[in-house]
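Working from the sequences, and respecting the hints, build out all of it.
As you go down the protein sequences, you meet chains C and H in turn.
Heads up: the first sequence begins at 8 in our numbering, then just goes up one per residue.
Heads up: the second sequence begins at 8 in our numbering, then just goes up one per residue.
Just so you know, the hints here were simulated from the structure itself, not pulled from any lab data.
We put the CB at the ideal spot given by N, CA and C, even for glycine.
Be careful, since some hints might not be right.
Quick look at which bits of chain H chain C covers, simulated, 3 or more residues with Cβ under 8 angstroms [stated by the list, open to error]:
#, segment
1, 69 to 78
2, 246 to 260
Listed next, the in silico BS3-like pairs over lysine-lysine satisfying Cα-Cα at most 27 angstroms (straight line) [said to hold, decoys possible]:
#, chain 1, residue 1, chain 2, residue 2
3, H, K278, C, K87
4, H, K314, C, K90
5, H, K314, C, K239
6, H, K298, C, K90
7, H, K314, C, K87
8, C, K99, H, K146
9, C, K192, C, K163
10, C, K100, C, K90
11, H, K314, C, K100
In silico contact screen, one side only, chain C against chain H (beta carbon under 8 angstroms); selected entries [what the hints assert, rightly or not]:
#, residue
12, K88
13, G93
14, M97
15, K153
16, I155
17, H194
18, E230
19, M251
20, A259
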Amino acid sequence: MVANLIKDTLRYIVLGIFMCSIFFANDAKSKPIVADLAIRSVDINHDFNGINILMFGARNDTGKIVVLLRGPDRNYIVRKKEKIGGLLWMNKKSVEFEDVSSLYAIASTNALSEIQNDNLLKRLEMSIDNIEINAIPEHHSIKSKKTISEFREAFKRLKIDSGLYDSEIQPISFWGETLFRTSLKFHKNLEDGLYTAEVYLIQDGVLSAMQSTPIKVSKIGFEAIIFDLAHKNSLLYGFLCVFMAISAGWSASKIFGRV
Amino acid sequence: MQIYLPIAELPVNIFLILGLGGMGGILAGMFGIGGGFLITPLLIFIGVPPSVAVATSTNQIIASSFSGFLAHLYRNNVDIKMGIFLMVGGVFGADIGVRIFTFLESLGQIDIAISIIYVVFLGFIGTLMAVESSRTIIKQKKSSGKSKNSGHTGKFGSWIKSINLPMKAEFHKSELEISIFLPIIIGVLAGIMVSLMGIGGGFVMIPAMIYVLGMPTSVVVGTSLFQIVFITSIVTVLHSVNTQSVDIVLAFLLIIGGVIGAQFGTVIGLKLPAEKLRGLLAIIVLAVCIKLGLGLFIEPDELYTIKSVMY
Numbered sequence: 008m009v010a011n012l013i014k015d016t017l018r019y020i021v022l023g024i025f026m027c028s029i030f031f032a033n034d035a036k037s038k039p040i041v042a043d044l045a046i047r048s049v050d051i052n053h054d055f056n057g058i059n060i061l062m063f064g065a066r067n068d069t070g071k072i073v074v075l076l077r078g079p080d081r082n083y084i085v086r087k088k089e090k091i092g093g094l095l096w097m098n099k100k101s102v103e104f105e106d107v108s109s110l111y112a113i114a115s116t117n118a119l120s121e122i123q124n125d126n127l128l129k130r131l132e133m134s135i136d137n138i139e140i141n142a143i144p145e146h147h148s149i150k151s152k153k154t155i156s157e158f159r160e161a162f163k164r165l166k167i168d169s170g171l172y173d174s175e176i177q178p179i180s181f182w183g184e185t186l187f188r189t190s191l192k193f194h195k196n197l198e199d200g201l202y203t204a205e206v207y208l209i210q211d212g213v214l215s216a217m218q219s220t221p222i223k224v225s226k227i228g229f230e231a232i233i234f235d236l237a238h239k240n241s242l243l244y245g246f247l248c249v250f251m252a253i254s255a256g257w258s259a260s261k262i263f264g265r266v
Numbered sequence: 008m009q010i011y012l013p014i015a016e017l018p019v020n021i022f023l024i025l026g027l028g029g030m031g032g033i034l035a036g037m038f039g040i041g042g043g044f045l046i047t048p049l050l051i052f053i054g055v056p057p058s059v060a061v062a063t064s065t066n067q068i069i070a071s072s073f074s075g076f077l078a079h080l081y082r083n084n085v086d087i088k089m090g091i092f093l094m095v096g097g098v099f100g101a102d103i104g105v106r107i108f109t110f111l112e113s114l115g116q117i118d119i120a121i122s123i124i125y126v127v128f129l130g131f132i133g134t135l136m137a138v139e140s141s142r143t144i145i146k147q148k149k150s151s152g153k154s155k156n157s158g159h160t161g162k163f164g165s166w167i168k169s170i171n172l173p174m175k176a177e178f179h180k181s182e183l184e185i186s187i188f189l190p191i192i193i194g195v196l197a198g199i200m201v202s203l204m205g206i207g208g209g210f211v212m213i214p215a216m217i218y219v220l221g222m223p224t225s226v227v228v229g230t231s232l233f234q235i236v237f238i239t240s241i242v243t244v245l246h247s248v249n250t251q252s253v254d255i256v257l258a259f260l261l262i263i264g265g266v267i268g269a270q271f272g273t274v275i276g277l278k279l280p281a282e283k284l285r286g287l288l289a290i291i292v293l294a295v296c297i298k299l300g301l302g303l304f305i306e307p308d309e310l311y312t313i314k315s316v317m318y
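And the structure:
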């Protein structure tokens with residue numbers, strides 16, 4: 008508790024200093040929008056329970072602010088179970104989607120409809136509905152557009168259910184006219200990799216400035232080492248598993264005589 | 008006390024896993040079987056992905072088979088030559104099995120395939136044991152129990168022997184002269200079972216060695232353990248390389264539980280009458296079979312699944 012309190016206090020002091028530096032620095036004044044994060048790297052172990060990272064910045068021009076948090080792109084296979092032969096439930100159709108953000112969150116000063124430029128919203132993937140989710144075309148099976156959009160909707164729903172896509176637009180709060188802050192939600196189920204926090208300034212439906220900040224998420228601890236070894240050096244890992252079992256079996260026969 | 012399984016990607020209670028391993032160990036001690044065929048479905052019930060359950064169970068079996076093998080080796084109960092031919096077959100079987108496993112996984116069908124194989128297999132074994140043990144119990148009640156089962160090498164065995172397979176070899180330890188293809192074929196079948204089901208395959212191999220090959224019972228168990236140690240080791244490495252589904256932390260906990268459980272199992276096994284034990288095991292096997300089977304027929308709450316693919 009006390010440790011957390013000190014940590015929070017320290018964070019706000021640092022933040023305060025940073026705010027002042029933005030406010031008084033000439034450089035900052037010349038840019039329409041600047042922002043930074045309280046921390047830029049996240050270490051996750053199995054106890055990791057999600058984290059909110061504070062983003063703060065200054066707006067030196069008029070306009071609406073939208074912040075996007077996006078995670079490493081991945082390919083995903085979505086499978087659907089169907090009743091086979093009238094009794095058995097098994098995976099039947101599948102669609103593979105290419106280069107889709109594994110995490111998505113959005114914050115905005117205004118409702119997105121107030122931006123009044125649907126093309127821009129679509130191009131910048133603002134709101135979950137605008138995220139580009141493209142199916143990989145397959146040679147062996149041609150799927151109808153209807154099937155693909157059905158699977159796309161299921162994908163988004165599962166992402167929202169798992170907490171990795173935040174369907175709510177988070178608020179951005181202001182201190183005075185210039186300084187703003189918001190909180191970026193990193194859900195506990197996130198993958199390791201490189202994330203970006205992008206700040207957009209939009210004036211009358213036109214993008215006037217943007218800035219992107221990377222956030223590194225890495226897995227740490229014993230579990231991460233095992234996982235890495237199993238995936239990156241799987242032959243060695245396999246031998247290690249066998250060695251572990253053989254020595255356990257040998258020790259057991261030494262200790263108990265027989266098993 | 009919670010622990011995180013790095014490959015199953017699941018937090019579990021340590022004592023639950025130790026208990027599961029212990030149950031397997033008790034069964035092993037009581038009946039002299041590996042218990043892999045119950046551990047795999049029980050792992051699936053607690054939420055471990057079926058592919059991880061199978062691969063990890065294979066890893067776990069190495070330990071118990073190795074200590075069992077050592078015990079038989081000290082008593083000079085292992086036909087190494089026969090074991091090597093079984094092993095050669097086992098390597099082919101393991102490779103075939105892991106290929107099937109990897110293929111099914113790429114289709115997204117491995118989970119259901121494992122469930123179906125287990126339902127069929129447990130249903131068959133469970134029914135067989137239930138019938139057998141109830142028959143024995145009834146017989147014992149009717150008359151003073153007269154022992155049945157005299158000569159081995161049944162009709163099937165002598166039929167096999169009548170087929171003249173080439174490349175006969177002499178197996179001194181088993182006092183046999185048979186074609187090397189017989190143990191190789193048995194090894195292939197056992198190897199496939201090891202890689203698809205995560206079991207040692209002893210209770211398929213042992214009857215085959217007695218009734219088909221006509222090996223003396225004294226060397227059968229030691230020889231099959233010898234083969235199982237090698238095949239489960241190979242399959243563990245193959246699964247690690249092909250599907251990355253061996254969870255070393257889970258395997259370790261199961262082994263610890265198994266070692267302790269086996270000590271109790273031996274004591275219990277000596278105290279309870281054999282038919283009642285078998286009847287009990289039959290009930291457990293059928294219950295697991297039904298629970299696993301229901302999962303196949305009941306409509307799941309969520310029809311869609313997503314999986315991120317790594318290239």
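Verification of the supplied hints:
Evaluation of the coverage hint for the segment 69 to 78 of chain H: fulfilled, as 9 residues show C-beta separations to chain C shorter than 8 angstroms, against a requirement of three. For the segment 246 to 260 of chain H, the stated coverage by chain C holds: 9 residues have a C-beta nearer than 8 angstroms to a C-beta of that chain, and at least 3 were required. Distance check on the hinted pair: K278 of chain H and K87 of chain C sit about 51 angstroms apart at the alpha-carbon level, beyond 27 angstroms; violated. As the CA atoms of K314 of chain H and K90 of chain C are separated by approximately 21 angstroms, the hinted pair is consistent with the 27 angstroms bound.
Between K314 of chain H and K239 of chain C the CA atoms are separated by roughly 19 angstroms; this keeps the pair inside 27 angstroms, and the hint holds. Our distance criterion of 27 angstroms between C-alpha atoms is met by K298 of chain H and K90 of chain C, whose separation comes to about 19 angstroms. Under the criterion of a C-alpha separation no larger than 27 angstroms, the hint pairing K314 of chain H with K87 of chain C is consistent with the structure, at around 12 angstroms. For the suggested pair K99 of chain C and K146 of chain H, the alpha carbons sit about 50 angstroms apart, so the restraint of at most 27 angstroms is broken.
Of the pairs offered as hints, the one joining K192 of chain C and K163 of chain C holds, with about 17 angstroms between alpha carbons and a cut-off of 27 angstroms not exceeded. Under the criterion of a C-alpha separation no larger than 27 angstroms, the hint pairing K100 of chain C with K90 of chain C is consistent with the structure, at around 11 angstroms. Proposed proximity of K314 of chain H and K100 of chain C is supported: the alpha carbons are some 14 angstroms apart, at most 27 angstroms. Satisfaction of the interface hint for K88 of chain C is found here, the shortest Cβ-Cβ separation to chain H being roughly 5 angstroms, below the 8 angstroms cut-off.
Hint on G93 of chain C is violated. Least Cβ distance to chain H is approximately 10 angstroms, over the 8 angstroms limit. Here the hint on M97 of chain C is kept, as its CB sits about 5 angstroms from the closest CB of chain H, short of 8 angstroms. With a least beta-carbon distance of about 15 angstroms to chain H, the hint placing K153 of chain C at the interface is violated under the 8 angstroms criterion. Interface restraint check for I155 of chain C: the shortest CB-CB distance to chain H comes to about 13 angstroms, outside 8 angstroms, so the restraint is violated.
This hint is violated: H194 of chain C has a C-beta 15 angstroms from the nearest C-beta of chain H, more than the 8 angstroms allowed. For E230 of chain C, the interface hint holds, since its Cβ comes within 8 angstroms of a Cβ in chain H; the closest pair sits about 4 angstroms apart. A distance limit of 8 angstroms between C-beta atoms decides the matter here; for M251 of chain C the minimum to chain H is near 6 angstroms, and the interface restraint holds. Given the 8 angstroms rule on beta carbons, the hint for A259 of chain C holds: about 4 angstroms separates it from the nearest Cβ of chain H.
In summary, the numbered hints that this structure violates are 3, 8, 13, 15, 16, 17.
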